[in-house]
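Asker: One-letter residues, chain by chain:
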Amino acid sequence: MSALPLLAVEGLTKHFGRAPHPVRAVEDVSFHVAPGEVLGLVGESGSGKSTIGRLVLRLIHPTSGTIRFEGEDISRRPERQLKALRRNAQMVFQDPYASLNPRLRVRDIIGEALDAHRLASGSRRTERIAELLETVGLPAAHMSRFPHEFSGGQRQRIGIARALAVEPKLIIADEPVSALDVSVQAQVINLMQDLRQRFGLAMLFISHDLDVVELMCDRIAVLYLGRIMEIGSAKDVASRPRHPYTRALLAASPKADPDAPKIRRMLTGDIPSPMAPPSGCVFRTRCPIATEECARNVPKLRSAEGDHQFACLYDMANDERPAAA
Amino acid sequence: MSMNTPSLLSIQDLEIRFRTEDGEIAPVRGVTLSVAPGETLALVGESGSGKSVTSLSVMGLLPRPAGRVSGGKILFRQRSGRTVDLAALPLSDLRGLRGAEIAMVFQEPMTSLNPVLTVGEQIAESVRLHMGLGHASALKRAEEMLDLVEIPHARRRVHEYPHQMSGGMRQRVMIALAMSCNPSLLIADEPTTALDVTIQAQILALIQRLQREIGMGVLFITHNLGVVAEIADRVTVMYAGQVVETGSVGEIFRTPRHPYTNALLNCLPARARRGEDGRRVVQSIPGSIGKIGDGCAFAPRCVHATDPCGVGTVLLETEMDRSVRCLRWREIPA
Amino acid sequence: MEQSPLLLFFRRMFRRKLVLIAFLVLCVIMLMALLAPWVAPYEPTAIKVIRRLKPPGELNWLGTDEFGRDILSRIIYGARASLGIGFAVVLVSMTFGTLFGLLAGYFRSLDGLVMRVVDALMALPDILLAIFLVAVLGASAFNVVLALSIVYTPRVIRVVRASTLVIRELPFVEAARALGVSTRRILSVHILLNVASPVLVQATFIFAYAVLAEAGLSFLGAGVPPELPTWGTMIASGQQYADQAFWVVLFPGLAIVLAALSLQVVGDGLRDMLDPKLRKAL
Amino acid sequence: MWLKLGRRLGSLIIVMFLVATMVFFLTRLAPGDPAALMLGDQATAEDIARLRQVYGLDKPILVQFLLWLKEIATGNLGQSIFLQRPVIQAIAERAEPTFFLALFSVSVAALVGIPAGIASAVWRGRLVDQIVSGLAMLAANIPSFWLGLIFIQLFAVRLGWFPVAGYGEPGAPFMERILHLALPATVLGIVNSALIVRFTRASMLDVLSDDYIRTARSKGLSEARVVLRHAFGNALVPIITVVGLTAALLVGGAIVTETVFGLPGIGNLVVSAVLRRDYPVIQGALIVVAGIYVLINLLIDIIYTFVDPRVRY
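Chains as they are written, first to last, in numbering that gives the first Met the number 0: chain A, 0 to 324; chain B, 0 to 333; chain C, 0 to 281; chain D, 0 to 312.
Quick caveat, the hints were computed from the structure, so don't treat them as lab data.
All values derive from a computational prediction rather than experimental measurement.
Just so you know, not all the hints are guaranteed correct.
Said to hold, decoys possible - SDA-like mimics (lysine to any residue), calculated; alpha carbons at most 25 Å apart, straight line:
id	chain 1	residue 1	chain 2	residue 2
1	A	Lys168	B	Asp276
2	B	Lys290	A	Pro101
3	A	Lys261	B	Gly274
4	A	Lys254	B	Ile24
5	A	Lys234	B	Ala204
6	A	Lys168	B	Ala193
7	A	Lys261	B	Arg270
8	A	Lys254	B	Lys290
9	A	Lys254	B	Arg278
10	D	Lys3	A	Ala18
11	D	Lys58	D	Ile80
12	D	Lys3	C	Asp110
13	A	Lys234	B	Asp276
14	B	Lys290	A	Lys168
15	A	Lys261	B	Ile24
16	B	Lys290	B	Arg81
17	A	Lys82	C	Arg167
18	C	Lys16	D	Ser132
19	A	Lys82	C	Gln238
20	A	Lys234	B	Lys290
21	A	Lys82	C	Trp37
22	A	Lys261	B	Asn261
23	A	Lys261	B	Ala193
24	C	Lys47	C	Gln238
25	C	Lys47	C	Trp37
26	A	Lys82	A	Gly70
27	B	Lys290	A	Ala18
28	A	Lys254	B	Arg211
What the hints assert, rightly or not - Only some residues are given here: those of chain B computed to face chain D with a beta carbon under 7 Å:
id	residue
29	Leu60
30	Leu61
31	Ala65
32	Ser69
33	Arg97
34	Met103
35	Glu107
36	Thr110
37	Ser111
38	Leu112
39	Asn113
40	Pro114
Ideal Cβ placement from N, Cα and C applies to all residues, glycine included.
Using the sequences and the accompanying hints, generate a full structural model.
Answerer: Right under this line is the structure:
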């Protein structure tokens with residue numbers, strides 16, 4: 000990366016609850032996002048992907064690790080000193096219903112963002128709200144309506160307009176299209192692509208849907224039980240996965256093509272509880288190539304080529320198979 | 000296939016009405032579909048399409064007294080060979096079929112099992128009712144069923160409560176419960192939607208295996224086109240309470256006839272195409288399901304709609320084993 | 000779609016006829032209380048010994064009490080004290096209950112302390128706590144209000160806290176925090192606006208409870224001083240004459256039932272209307 | 000589970016401590032010197048001073064508080080000013096009528112309330128529901144003392160079926176006691192059934208809309224089995240709570256009813272103590288009543304572990 004990263008996360012860890020059995024939601028996660036770049040966080044439940052998003056925005060406090068935004072460590076800052084972060088990083092939520100206060104009009108929902116940072120007032124405020132609504136493809140006249148008068152897709156647009164109001168550099172999009180129907184999902188994906196290009200937004204795009212992530216993101220990080228399994232460019236991760244979990248995840252996602260090969264290789268068993276993650280490699284209990292070695296040490300991320308990294312003792316691409324498998 | 004084999008389930012021109020605060024609505028207004036023995040029919044649609052309501056009406060589980068079947072037939076061929084109209088069957092007779100010949104698996108494994116009864120008791124209850132087994136042998140049967148759905152340590156887990164199991168395990172229990180009396184028709188209402196991808200794959204494989212072994216017909220309700228491609232023999236697509244197209248899974252994905260089916264497939268991120276500026280863009284369908292008026296329900300969002308689409312009733316045209324509800328399907332390039 | 004929210008509110012609210020009737024009854028009672036000097040046929044304190052314990056009739060529609068005072072007039076004046084005390088209790092307990100409920104629900108550090116105090120207050124039956132408080136504070140209308148407010152504030156705290164706990168986890172609150180909206184605004188706009196409806200419903204219930212409790216206290220002789228006519232004191236002083244003149248006891252009691260019942264029905268109507276879960280199920 | 004119960008026990012002890020604190024300090028707010036009050040009008044300043052010393056009233060208030068806490072922790076609730084005997088003894092003498100009144104009332108309330116609540120939930124919106132809900136609403140808004148007076152007029156004075164008031168002669172047979180308790184228990188049963196009906200109805204409605212009820216129906220079970228086994232089994236926890244709390248609150252909350260019916264119970268004791276400003280008795284009664292409430296709460300928690308497997312494991 001030539002440019003200074005917009006966001007750099009180092010050794011980020013979050014435990015919920017108290018010892019002896021805390022929920023290990025996020026464990027030693029490191030990544031960075033360059034200005035204007037979209038990084039996808041993919042994983043199943045318990046992978047910690049949403050927790051990472053909230054940690055980055057400091058909506059919850061990290062247990063350890065650092066979060067640098069534009070070079071400044073914000074991981075321990077008190078709320079009072081987070082004004083700049085709140086201006087520069089925003090969130091778009093999964094649930095288009097619960098993410099808008101049902102008692103406020105659209106005008107006030109978006110206006111609140113402007114007020115909080117004293118960005119516009121009076122008639123300039125109204126103008127700006129109208130402008131934001133039009134940016135996300137809603138008529139300005141809708142500003143005096145309440146959220147319940149909109150469909151799911153329209154609400155999601157309002158949520159995006161609210162996030163854009165402070166002109167952020169980074170958007171954390173937490174499953175922004177998962178609750179939407181396919182046809183509406185496509186509308187919102189395209190809108191986010193447009194906005195990204197128009198405003199040069201960087202994004203942390205959190206999703207469980209590999210297809211959506213591959214479409215939206217420049218790079219992808221695959222998470223399992225709070226740890227990064229694999230990280231690299233979208234193309235590399237999706238078409239040349241190096242980690243057995245990534246491979247399994249890709250194989251398990253049904254393709255919308257009756258001629259595509261049916262799902263054959265399948266992971267057995269359940270995702271372990273984040274309260275009692277397996278020792279060593281957290282994936283080993285379901286891994287088709289796990290060996291005794293895997294229980295001993297947590298595998299470090301290692302480089303495949305370029306900035307494509309994966310955390311496995313065995314490189315499936317280079318036939319580094321364990322003797323037993 | 001459905002032409003030659005007599006159907007197991009045949010829904011004809013079904014209409015369902017609900018009383019609401021703002022008057023009566025008809026979330027289902029013209030559903031025609033059929034499931035042959037041993038076949039999987041996927042019923043596909045987005046939210047508000049009426050697919051779940053349709054499935055509930057087969058079981059007679061519409062919320063009462065608000066909802067009712069107001070038109071059409073739900074013909075079901077019983078094991079005895081007799082064909083009955085489930086929509087007109089007295090509730091007491093319908094109860095004899097529920098769980099015995101028609102079974103259902105629901106979307107939410109976390110909440111679909113009774114939290115205060117062990118999973119064994121819940122399966123055994125059904126077995127005792129329909130198969131007339133005693134307490135001990137019913138519990139034994141429950142254990143066998145857990146084994147059948149690949150739950151490890153079935154002997155021990157039969158005495159566990161739902162909250163002691165993961166979502167995937169609970170969905171297996173739901174399937175075991177549904178299969179416990181060897182139904183000839185299984186209705187699966189979004190059975191994998193609440194599950195993670197890797198668990199979804201397991202459950203889909205399980206349902207397919209059981210279907211092969213037991214030979215039941217499956218009505219599989221889903222919004223996920225990937226799952227449809229994975230599991231279905233034939234597909235029925237619904238939009239705004241109506242069936243708009245039916246065909247074999249290959250036909251639907253390769254040569255969709257209804258503009259909605261076509262547009263829906265093109266909304267998939269996997270079908271994104273590179274635009275002029277080099278960006279990959281997915282197609283989308285403008286707007287959302289709005290008020291349903293005269294004419295074709297999809298017309299307001301359809302790029303091919305012309306004036307005639309907005310008036311009158313559009314009928315479901317059936318030709319061989321494909322049907323489509325569109326005035327212009329012959330003219331529209333696939 | 001564009002309809003006056005207030006109109007919509009009333010249309011929804013009064014879909015059930017009973018709610019409308021209760022609301023009207025309540026309005027009539029309140030109007031009578033307000034306009035007592037003009038509405039009441041007699042002075043409530045006018046003693047006429049020759050006409051003591053007269054049954055309901057043309058002169059005294061609801062009969063007279065042991066001093067020959069007109070029962071209807073006393074009920075109308077009694078409404079002032081009974082409803083006035085009830086209303087005051089609602090105001091006080093709503094204000095403090097909402098405040099502490101919001102704080103306890105939003106700030107985890109305050110929660111333990113506030114809720115233990117609430118538990119302690121609720122470990123005593125309403126009437127026992129009230130009678131104790133009045134005994135310590137001294138019997139006066141003000142102290143009755145104070146005592147009943149202390150009794151009912153914990154209920155409001157519980158309701159507000161429970162809603163706050165749910166609402167503060169909702170994404171729109173998270174969104175506000177991510178925007179850097181001040182905590183005060185989050186509490187006073189995002190949370191307060193959304194707990195307003197359960198609080199409003201609770202208010203009507205507490206009004207009814209307070210009217211009932213005040214009557215109970217007065218009846219026990221631990222409420223307002225007996226010379227002030229309230230529905231409770233009327234029953235208390237009439238009690239010993241009930242054998243000869245049942246109306247002395249019957250009518251003030253009916254007044255209590257009518258007022259409390261109307262309040263509850265209106266509260267129920269409000270809840271049915273405001274509770275989206277119930278509305279969807281309709 | 001033991002951890003949970005232990006934690007619960009801890010918070011209940013804190014609650015008791017807070018009740019004691021509140022009772023002690025609020026009593027001190029009361030006008031008048033307790034010693035002067037105890038001795039009556041003819042007391043001299045010397046008498047009062049001596050008594051203050053005997054009762055430790057001359058010590059700093061915090062010390063008094065701690066001493067008092069120590070006393071009540073060991074079960075000594077002090078001496079009644081007017082009854083000339085220990086408070087604990089006065090309360091014990093009054094416990095029997097209160098106990099049976101609470102027991103019978105809560106039985107009446109539960110036996111009427113639970114079936115009515117279930118019926119009204121199952122036939123929601125139908126005539127049964129309208130009647131049950133209507134009656135429950137009415138019952139909730141009848142002052143119990145007034146209903147008591149009306150009942151006395153009707154069933155005791157006019158019809159003569161039941162004794163007008165009191166608890167019978169000392170040493171009277173239990174049947175006679177029951178006769179004396181019949182009217183007050185009915186009154187309290189009616190008034191308290193309202194809450195149980197509404198709670199049962201609400202929990203049943205809640206449960207009936209749960210997903211597993213649909214599952215139970217999809218198995219082909221009869222509606223009776225769905226309602227009684229699947230729904231009621233799950234609604235049991237909130238219903239047990241409300242029945243238990245009703246019983247707990249009746250122990251000290253039947254004050255007015257006890258007064259109307261002249262039952263020599265704890266409520267009656269409190270009322271006379273209030274009227275006589277017999278603070279040790281008031282304090283003692285409050286502590287005992289709160290203690291019973293807290294114990295019943297603990298009992299409810301223990302019952303949960305039998306009813307709900309989610310708590311057990």
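Asker: All the hints need checking, so say for each whether the structure fits it.
Answerer: Checked hints:
{"no.": "1", "hint": "A/Lys168 <-> B/Asp276", "in the structure": "holds (23 Å)"}
{"no.": "2", "hint": "B/Lys290 <-> A/Pro101", "in the structure": "holds (23 Å)"}
{"no.": "3", "hint": "A/Lys261 <-> B/Gly274", "in the structure": "violated (30 Å)"}
{"no.": "4", "hint": "A/Lys254 <-> B/Ile24", "in the structure": "violated (36 Å)"}
{"no.": "5", "hint": "A/Lys234 <-> B/Ala204", "in the structure": "violated (29 Å)"}
{"no.": "6", "hint": "A/Lys168 <-> B/Ala193", "in the structure": "violated (33 Å)"}
{"no.": "7", "hint": "A/Lys261 <-> B/Arg270", "in the structure": "holds (18 Å)"}
{"no.": "8", "hint": "A/Lys254 <-> B/Lys290", "in the structure": "violated (33 Å)"}
{"no.": "9", "hint": "A/Lys254 <-> B/Arg278", "in the structure": "holds (22 Å)"}
{"no.": "10", "hint": "D/Lys3 <-> A/Ala18", "in the structure": "holds (16 Å)"}
{"no.": "11", "hint": "D/Lys58 <-> D/Ile80", "in the structure": "holds (20 Å)"}
{"no.": "12", "hint": "D/Lys3 <-> C/Asp110", "in the structure": "holds (18 Å)"}
{"no.": "13", "hint": "A/Lys234 <-> B/Asp276", "in the structure": "holds (19 Å)"}
{"no.": "14", "hint": "B/Lys290 <-> A/Lys168", "in the structure": "violated (39 Å)"}
{"no.": "15", "hint": "A/Lys261 <-> B/Ile24", "in the structure": "violated (40 Å)"}
{"no.": "16", "hint": "B/Lys290 <-> B/Arg81", "in the structure": "violated (40 Å)"}
{"no.": "17", "hint": "A/Lys82 <-> C/Arg167", "in the structure": "holds (21 Å)"}
{"no.": "18", "hint": "C/Lys16 <-> D/Ser132", "in the structure": "holds (15 Å)"}
{"no.": "19", "hint": "A/Lys82 <-> C/Gln238", "in the structure": "violated (68 Å)"}
{"no.": "20", "hint": "A/Lys234 <-> B/Lys290", "in the structure": "violated (42 Å)"}
{"no.": "21", "hint": "A/Lys82 <-> C/Trp37", "in the structure": "violated (62 Å)"}
{"no.": "22", "hint": "A/Lys261 <-> B/Asn261", "in the structure": "holds (22 Å)"}
{"no.": "23", "hint": "A/Lys261 <-> B/Ala193", "in the structure": "holds (21 Å)"}
{"no.": "24", "hint": "C/Lys47 <-> C/Gln238", "in the structure": "holds (19 Å)"}
{"no.": "25", "hint": "C/Lys47 <-> C/Trp37", "in the structure": "holds (20 Å)"}
{"no.": "26", "hint": "A/Lys82 <-> A/Gly70", "in the structure": "holds (16 Å)"}
{"no.": "27", "hint": "B/Lys290 <-> A/Ala18", "in the structure": "violated (54 Å)"}
{"no.": "28", "hint": "A/Lys254 <-> B/Arg211", "in the structure": "holds (22 Å)"}
{"no.": "29", "hint": "Leu60", "in the structure": "holds (6 Å)"}
{"no.": "30", "hint": "Leu61", "in the structure": "violated (11 Å)"}
{"no.": "31", "hint": "Ala65", "in the structure": "violated (10 Å)"}
{"no.": "32", "hint": "Ser69", "in the structure": "violated (20 Å)"}
{"no.": "33", "hint": "Arg97", "in the structure": "holds (4 Å)"}
{"no.": "34", "hint": "Met103", "in the structure": "holds (5 Å)"}
{"no.": "35", "hint": "Glu107", "in the structure": "holds (5 Å)"}
{"no.": "36", "hint": "Thr110", "in the structure": "holds (4 Å)"}
{"no.": "37", "hint": "Ser111", "in the structure": "holds (5 Å)"}
{"no.": "38", "hint": "Leu112", "in the structure": "holds (6 Å)"}
{"no.": "39", "hint": "Asn113", "in the structure": "holds (4 Å)"}
{"no.": "40", "hint": "Pro114", "in the structure": "holds (6 Å)"}
Of the numbered hints given earlier, the model fails hints 3, 4, 5, 6, 8, 14, 15, 16, 19, 20, 21, 27, 30, 31 and 32; all others are met.
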